[in-house]
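> Chains as they are written, first to last, in full-length UniProt numbering: chain A, 1 to 133; chain B, 1 to 216.
Some hints could be false.
Each computed EDC-like pair below joins lysine to aspartate or glutamate, with the alpha-carbon atoms no more than 16 Å apart [unchecked claim]: (1) K115(A) with E204(B); (2) K106(A) with E105(B); (3) K106(A) with D126(B); (4) K153(B) with E187(B); (5) K43(B) with D21(B); (6) K170(B) with E159(B); (7) K125(A) with E204(B); (8) K151(B) with E204(B); (9) K108(A) with E105(B); (10) K173(B) with E187(B); (11) K106(A) with D72(A); (12) K43(B) with D26(B); (13) K108(B) with D72(A); (14) K54(A) with D72(A); (15) K32(A) with E119(A); (16) K140(B) with D211(B); (17) K151(B) with D211(B); (18) K25(A) with E119(A).
Keep in mind the hints are simulated off the structure, nothing from the lab.
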Amino acid sequence: MESKINVANKQLVKPIVYLVDGDHKLQVSLSKLLNQNNVAVEMFSSAEDLLQTKLRTRAACLIVEVNLPNMDGIQLLEHINNLGVRLPTIVLSSDGNVSVAVRAMKAKAIDFIEKPFVENTLVKKVLDIIELN
Amino acid sequence: MKNNQTESLSTSPMVHVVDDDEAVLDAVGMLLDSIGQRNTCYKDAQVFLEAYNSADFDNHNGCIMLDMRMPVISGIECQHRLEQMGCSMPIIFVTGHGDVPTAVEAMKQGAIEFIQKPFREQQLIDAIQKALQINLKSQKRIEKVQETQAKLKLLTNREVQILEAVVSGKANKVIAIELHLSQRTVEIHRAHVMEKMGVKSLAELVKIVIDASPTE
Numbered sequence: 001m002e003s004k005i006n007v008a009n010k011q012l013v014k015p016i017v018y019l020v021d022g023d024h025k026l027q028v029s030l031s032k033l034l035n036q037n038n039v040a041v042e043m044f045s046s047a048e049d050l051l052q053t054k055l056r057t058r059a060a061c062l063i064v065e066v067n068l069p070n071m072d073g074i075q076l077l078e079h080i081n082n083l084g085v086r087l088p089t090i091v092l093s094s095d096g097n098v099s100v101a102v103r104a105m106k107a108k109a110i111d112f113i114e115k116p117f118v119e120n121t122l123v124k125k126v127l128d129i130i131e132l133n
Numbered sequence: 001m002k003n004n005q006t007e008s009l010s011t012s013p014m015v016h017v018v019d020d021d022e023a024v025l026d027a028v029g030m031l032l033d034s035i036g037q038r039n040t041c042y043k044d045a046q047v048f049l050e051a052y053n054s055a056d057f058d059n060h061n062g063c064i065m066l067d068m069r070m071p072v073i074s075g076i077e078c079q080h081r082l083e084q085m086g087c088s089m090p091i092i093f094v095t096g097h098g099d100v101p102t103a104v105e106a107m108k109q110g111a112i113e114f115i116q117k118p119f120r121e122q123q124l125i126d127a128i129q130k131a132l133q134i135n136l137k138s139q140k141r142i143e144k145v146q147e148t149q150a151k152l153k154l155l156t157n158r159e160v161q162i163l164e165a166v167v168s169g170k171a172n173k174v175i176a177i178e179l180h181l182s183q184r185t186v187e188i189h190r191a192h193v194m195e196k197m198g199v200k201s202l203a204e205l206v207k208i209v210i211d212a213s214p215t216e
């Protein structure tokens, strides 16, 4: 009985990672990898989708692609900052250049990763962020 | 090293320009002169770091413009060393060979701007003005903290005890019992603490003490 409660508690405190990226393949493989590491993933394909969700307190981090329809990933990050929400963010970019990277870092991104990247590197960064929290 | 002083006021901020390209140094120096901004040019990071370590160097009031690719000591390396030496001046990177990982690394280390050559003059001026503003704000904060710390040194051991108890939210009655004093004595100490710290209310006292305590 007791162990059951513990398991339930563990399920509850499982950290959530928000992933905002239109690339379906990436969504699937990243969430699989993160799930294996006991991290829940919620996926969105646009900034607007994420903003319509209520951000939860157990949200551990945000992974966001720069190139999104309408509002781009960095604008989304700036918007979240303006709301006064502190959400550690890793920015991904498929056509990264220096000015985009600088924009992301100025918007207080923790890291900026160019695609293609090794998925395990990203997972490790996410786990580091969760640990720091 | 060339010293372009357009103003002799020692209080006006100094822009330190570090670039191994003489043409860039000249152009930036002239640009800054034209807007009446004090500036000093250095032909590489070594020369700059030597100057930084000299006794008469004002290492608070100003900002630093660093070229990324320089012989012997790169811009990033220079940034690392400045950080180790506790430099509080904001850094602007300017580079002709920017790549994403370098830019990300520089920003992670706390650079406030990363500009690629060729750049518009206004872009640099904006960045420098922003850097100087940030510098001014942090200067003011540091000054306040130092002021508070100086005042804290004037307190007696007993007063420090009382201050800590007051700031942690304990009532006079509780403090009196804990320190085996009469309530009246605590009140007197407390009044002395307020007077020495130059504050009129408990809220003010708590604020300046918290502001001055080291952040982890």
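> Each hint: holds or not?
Now the hints, each set against the structure:
no. : hint                 : in the structure
1   : K115(A) with E204(B) : violated (51 Å)
2   : K106(A) with E105(B) : holds (12 Å)
3   : K106(A) with D126(B) : holds (15 Å)
4   : K153(B) with E187(B) : violated (20 Å)
5   : K43(B) with D21(B)   : holds (7 Å)
6   : K170(B) with E159(B) : holds (14 Å)
7   : K125(A) with E204(B) : violated (41 Å)
8   : K151(B) with E204(B) : holds (14 Å)
9   : K108(A) with E105(B) : holds (13 Å)
10  : K173(B) with E187(B) : holds (9 Å)
11  : K106(A) with D72(A)  : holds (15 Å)
12  : K43(B) with D26(B)   : holds (10 Å)
13  : K108(B) with D72(A)  : violated (21 Å)
14  : K54(A) with D72(A)   : violated (19 Å)
15  : K32(A) with E119(A)  : holds (11 Å)
16  : K140(B) with D211(B) : holds (12 Å)
17  : K151(B) with D211(B) : holds (13 Å)
18  : K25(A) with E119(A)  : holds (12 Å)
Violation of the numbered hints given earlier is confined to hints 1, 4, 7, 13 and 14; the remaining hints are satisfied by the structure.
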